[in-house]
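Student: Dock chain one against chain two, each of which comes alone in its own frame, and use the hints as you go.
Chains as they are written, first to last, in the working numbering: chain W, 1 to 151; chain E, 1001 to 1252.
Worth flagging that the hints you see were computed from the coordinates, not collected in a lab. Glycine included, each C-beta is placed from N, C-alpha and C at the ideal position. Treat the hints with care, as some may be off.
Stated by the list, open to error - Subject to a maximum C-alpha distance of 20 Å in a straight line, what follows is the list of computed DMTMM-like cross-link-like pairs (lysine to aspartate or glutamate):
| # | chain 1 | residue 1 | chain 2 | residue 2 |
| --- | --- | --- | --- | --- |
| 1 | W | K135 | E | E1191 |
| 2 | E | K1171 | W | E30 |
| 3 | E | K1171 | W | E5 |
Unchecked claim - Residues of chain W placed beyond 10 Å of chain E at every Cβ, according to the derived structure:
| # | residue |
| --- | --- |
| 4 | S9 |
| 5 | G61 |
| 6 | G127 |
| 7 | P139 |
Claimed, not checked - Footprint (simulated), chain E over chain W, 3 or more residues, beta carbon under 8 Å:
| # | segment |
| --- | --- |
| 8 | 10–19 |
| 9 | 27–38 |
| 10 | 100–109 |
Listed here are the chains, written in short residue letters.
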Amino acid sequence: MSDAELESSHPSRLSRMLAADGATLWQPEEMGGVLRHQLSAPLEAELGPVGPPTMPGMTFGELLHDPHPPVELLRQVKRFAKACTLVRDGPLPPEVAKVLYFAAIVVARLRCGARISELNDEALTKGMEWARAQKWVDPQTRSIFDEAAAR
Amino acid sequence: MARTGNEVKEGAFPTTRWTLIDRVRQEDSRGHRPALDELLRRYLPALRLHLSIRRAGTPEEIDDLLQGFIASRVLDSNLVATAAPSRGKFRTLLLTSLDRYVIDQRRHASAQKRSSARELSLEEAHAVPCSSSPPAASHEFDVAWVRRVLRESVDLLRLECEHQQRPDLWKLFEARILRPALDGTEVVAYEQLVAELGYRSPSQAWNALVTVKRMFERSLRSVVGQYVGGDDEKLVDEEIEELRALLGRGAS
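Only chain E is shown next, with the shape it has when bound in the complex (with noise of 0.2 Å):
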């Protein structure tokens, strides 16, 4: 028999205020960068996508960027140090950071050109941006970070089901809110769901529903939490509104 929602303890959700920013910053002085790997394992993929929507390249030069960038632009001068909310966006700073760090590659890669006495052909010219000011992010890109952002929330809220011993929770937020989000399946039917997961009654089924929106809810302000500063429920709140907006972009 499932439980009811009434029974999930209140504060026994890993409700972390730390920022993943800060951590990163924090091991860095000791040497040591598991967050900054968590960071990017993260965002990579969106980071990835907009140098392939900006044709950046091949799949293995973009891949090069990318890894030049993080050695050099987010290592060795230390960008995650210059992050902090006052100073903008985490996704902004990073992508603006990443388009400066590909423009320099190029200008560098023409200059070599130019000074070994080649005429820089105009399809090359055209591939080397003329204003240092960096593009604005791409739609797909911000979509894609999106996309992460909802994979940590969603990788957080099963494991916190797994962890209050509530299948059913987890069970519920896929028939009702998970599959038919990410492909557009029908809802299972409310009969076959509760019959399924043990409720007695309907209020029962709605308690677990609430239950798992809040839970849901509290995972998605943690990851977005991470990298918009934790402690600042104004700034998550915004962030929250402006990831619903891009995604809404995506829909005209």
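Chain W on its own, in the form it takes in the complex (with noise of 0.2 Å):
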């Protein structure tokens, strides 16, 4: 930083420098990018060590586009989504955790015929609907919110 640029700088701009406990790192315009961040991290960056049968580094994306996927592991994505969407300005954007969450909640549903969530069938469709009407989701993941609702 050179002291003509600081000195040509306008104040209002400086100033959320001093505001910079504020300054997120999430913009509107990048969700779809931090949920290619997030479905292409390994597992373990997240809920931490994860044992067989999962494939060591295994990502989210591939969890959740897996034929048979574990269902404990889809608990421990839902729950860690969830604790996302609680936090402001926390390791996800809520918009994202809530994709995840339902990613996760219906990927077991159609994988494992199981229930890993309490909310009843009206409130998981409101919940795919919004998934589905967000243009930043990319389509694969979109595919399995398509999958559910074909069904």
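Tutor: Written as structure tokens, this is what we have:
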């Protein structure tokens, strides 16, 4: 940072630096990028060590698209996502966390025939419809919700 | 691979609790003044700008006035020794003293002219303030002061990132906070940034941002603490709040 840059900067922009504690990592237009990053992250990066039958280094995305995902892992993903929705300016934008949350619940139903949430069908359908309506959700994740809606 | 924010050791950051003003006082008595040099280096640009806005003279005359002020009021009259939190803000004291010095200098110059039987021209009369009470600090001076504080804080943060061998934290701060604040640059896109910095997950990126924001806040508090009295957290809070308000006024 040069003195010239500092001198020419507008005070209103500089004031954001003094309020840097309020700066967030996430911009609304970056939701898609954050979701893609989350789906490409290894499960253990967020959930801690995960053992067999999961492949080492398995990512969130791989779990959600596995034909036979371990239901306990889906539960852990759901819990992680739910915790993220409760924290303002937390590790995940609440919108991204919500997509992950509903995806884990839906995959448990579709692939394992298990209910891992106390949500009733109406609330789950509403959540899925919301997720499908988000333009930044990638086609692969959207296909999970599409499949559930088609049943 | 970048480390997570959780790995930053608490206490590794130099949380300086001394005040620069105290150091200036102590070193005065020993005849050494590196701390005073530091203090003046930081805030002379704001004082120079203040005099320039007040149209105190040509750039050369302003430099002469500043040099005279430092020699006469800061060093000889030991201005720093009179600074104390209970007596008001240091920057106000500095500015008030400078304004009084300029008024005195002009009166002295006018008196010399009168004694040489010259009448004071109308222009000169306007140039000499009638009141002995100096004008309030200009907004420009205040903003220049905040700029210096931010400059020092950012420099301190950069050094700390280097010290901790966390170039990723500095890059993150620069991309998401500093550059947009300096020139309105768009923030570097999230995906580009995390790919460049090697963060494995959004949580890791988030931890890093939280860490660097805390580090910057500590830098800022340290710099502000050096002139308001670093032992008093309340004074530091108040000063930061005032600096924020000063910049906010500039936006209106």
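Student: Now, for every hint given, state plainly whether the structure supports it.
Tutor: Do the hints match the structure? See the list:
1. At most 20 Å may separate the alpha-carbon atoms for a hinted pair to count; K135 (chain W) and E1191 (chain E) meet this at roughly 17 Å.
2. Simply put, K1171 (chain E) and E30 (chain W) have alpha-carbon atoms about 19 Å apart, close enough for the 20 Å limit, and the pair holds.
3. At roughly 17 Å between alpha-carbon atoms, K1171 (chain E) and E5 (chain W) fall within 20 Å of each other, so this suggested pair holds.
4. At the 10 Å boundary, the C-beta of S9 (chain W) falls inside the reach of chain E, the nearest C-beta of that chain being 5 Å off.
5. The Cβ of G61 (chain W) sits about 12 Å from the closest Cβ of chain E, beyond the 10 Å cut-off, so the non-interface label holds.
6. The beta carbon of G127 (chain W) is kept farther than 10 Å from every beta carbon of chain E, the shortest such distance being approximately 21 Å.
7. With a closest Cβ-Cβ approach of about 17 Å to chain E, P139 (chain W) is found to remain outside the 10 Å limit, as its non-interface label requires.
8. Given as covered by chain E, the segment 10–19 of chain W passes the check, having 10 residues with a CB less than 8 Å from a CB of that chain where 3 are the minimum.
9. Counting residues of the segment 27–38 of chain W whose beta carbon lies closer than 8 Å to any beta carbon of chain E gives 7, which reaches the threshold of three, so the coverage claim holds.
10. Check result for the segment 100–109 of chain W against chain E: violated, 0 residues qualifying (beta carbon to beta carbon below 8 Å, three or more required).
Comparing the model with each numbered hint stated earlier shows that hints 4 and 10 do not hold.
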